[in-house]
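Novice: These protein sequence lines map, in sequence, to chains A and B.
Be aware that the first sequence starts at 1, since it is given in the numbering used here, and climbs by one per residue.
Be aware that the second sequence starts at 1, since it is given in the numbering used here, and climbs by one per residue.
Hint data in this document are derived by calculation from the structure and do not stem from the laboratory.
Errors might be hidden in some of the hints.
Straight-line distance between alpha carbons at most 30 Å, and here's what the computed BS3-like set of lysine-lysine pairs gives [unchecked claim]:
1. A:K87 - B:K97
2. B:K4 - A:K148
3. B:K155 - A:K83
4. A:K170 - B:K3
One-sided and incomplete, this derived list gives chain A residues near chain B with beta-carbon spacing under 8 Å [claimed, not checked]:
5. I70
6. Y74
7. F195
Just so it is clear, CB atoms sit at the ideal spot from N, CA and C, and this is done for glycine as well.
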Amino acid sequence: MKRSSWAIPYSIFLMLFVVLPLVLVAVYAFSDGHGGVTISNLTTFFTDPKIIGSFLVSLEVALENTLICILIGYPVAYILADKKYNKSATTAMLFIAPMAINALMRTMATAEIFNMAGIPLGKGTLIFGMVYDYLPFMIFPIYNVLDKMDKSYVEAAQDLGASPMTAFRKVTLPLSLPGVLSGAMMVFMPTVSTFAVSEILTNNRIMLFGSVINEQFNNLMWNQGAALSFVMLIIIGITMFVGNDSKEEDAGGLVL
Amino acid sequence: MMKKIFARAYLAFVLFLLYAPIMFIAVFSFTKAKSLGNWTGFTTDLYKSLFSGASAESQNILSALGTTLLIALVASVIATFLGTLAAIGIYYMRGKKKAALQFLNNIPMLNPDIITGVSLFLLFVFLHISQGLVTVILAHVTFCTPYVVLNVMPKLTQMNPNIYEAALDLGATPRQALSKVLVPQLLPGMFSGFVLSFVMSLDDFAVTFFTRGSGGLETLSTFIYADARKGGLTPELKPLMTIIFLVILIVLIIMNIRSSNKNKHL
Chain A
1 MKRSSWAIPY SIFLMLFVVL PLVLVAVYAF SDGHGGVTIS NLTTFFTDPK IIGSFLVSLE
61 VALENTLICI LIGYPVAYIL ADKKYNKSAT TAMLFIAPMA INALMRTMAT AEIFNMAGIP
121 LGKGTLIFGM VYDYLPFMIF PIYNVLDKMD KSYVEAAQDL GASPMTAFRK VTLPLSLPGV
181 LSGAMMVFMP TVSTFAVSEI LTNNRIMLFG SVINEQFNNL MWNQGAALSF VMLIIIGITM
241 FVGNDSKEED AGGLVL
Chain B
1 MMKKIFARAY LAFVLFLLYA PIMFIAVFSF TKAKSLGNWT GFTTDLYKSL FSGASAESQN
61 ILSALGTTLL IALVASVIAT FLGTLAAIGI YYMRGKKKAA LQFLNNIPML NPDIITGVSL
121 FLLFVFLHIS QGLVTVILAH VTFCTPYVVL NVMPKLTQMN PNIYEAALDL GATPRQALSK
181 VLVPQLLPGM FSGFVLSFVM SLDDFAVTFF TRGSGGLETL STFIYADARK GGLTPELKPL
241 MTIIFLVILI VLIIMNIRSS NKNKHL
């Protein structure tokens, strides 16, 4: 028996549980529920003000969340990866550990603190909670890239007369961009598609796209729900395609 | 020196932000008041009431905890087995087939939870499979296995490919060569993959939510979600969150110290 055939069970599994379900999303998206083909499920995405509105809000929240995570997370990753400031891998681990704790638990805890402090739940608390939830996902890939980076490049730049600032701007920053990119991917799409987290953090005042999809399925409008999922799949496909060039080597894959 | 103090202070500040909410929960798990921030004296009553299962709520929490652990354990064992076999197979594959399989393996990791959940929901509806514990476990295997493949793969590329052949040449059956030569080499990767799968399964909400059916299956995540919709945190969840937080933190720190010690010896 050839050893390459050991992948056959998993190949079948992938076909059945990954490929077929995604095909079904497309099938349901283009079906009217009575065996006919239609594109009306997809057009409601653009015509229903509630849906397109929530989609735009989701993009905005996701963008803000991603930017804030980069602003706070990059310096953290940079300091952690710099042997001058931090020699212990355990300190780095402490920043990543919250990833392993149930997101709903953390969200619930955050919401409870806002309630306790008398801060009304809304967009501000949503962004704060999202940053709190997703920051570790940004720190981790950037730290990974910076930690593995050959430090002699920066030293060489400085020996050749670059100021620390220039060396950072021209050497460290470009080399760390793949990490920032995979961090952004780990933060952006999940933020758009989250549903429970935003409901808890805004007391149902703001519905992100994930909540809309969930609502469709809750109301047994499977075809409409599938159509919205299909839109998300297309967007993911596009971001993959665009991000593919710089993602050649896997910078942020969760390999322990 | 100034820079160093500033850097350390920044790390401490962000760390404080990250841990503040869970610390609040931990502190207020030792008092009786239902609303957070209302300190009515130190007591371990909530811990007692959680583990005695005295109230209906603590019984529900304990049963949700049991279901969560059962799903995580079964799903990560299956994922580790399936993923390790797949990694070995992919390693010996060549060309387009290999690239295709690696691409497919990436899809569940790139898909947002809700897409994985919705698409599997449609699959089970399409195949007329009634949803419950089994479908949730299958769904968890789907999003866990890619991480096992990804963690086992580097161990295969680091391995000397000739030692497996050597074992065969020296008279080992393929089975013996697998269990005595290959698996010990892959074990660290399998272990990381298993731990990662377990943690991700514990953490999951959306996929479980869509594949659990209407039979009343509750995991911790779905329980907390239902709790939040009702508008409050069941008091007994506070001690449970504290314990889970401590256990995960300790496990991660131990794993981390072990792996950094190993790196030092190299």
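Novice: If a hint holds in the structure, say so; if it does not, say that too.
Specialist: Structure-based check of each hint:
1. A:K87 - B:K97: 43 Å, violated
2. B:K4 - A:K148: 21 Å, holds
3. B:K155 - A:K83: 27 Å, holds
4. A:K170 - B:K3: Holds: K170 (chain A) and K3 (chain B) sit about 21 Å apart, inside 30 Å.
5. I70: 13 Å, violated
6. Y74: 11 Å, violated
7. F195: 6 Å, holds
Checked against the numbered hints above, the structure breaks hints 1, 5 and 6 and satisfies the rest.
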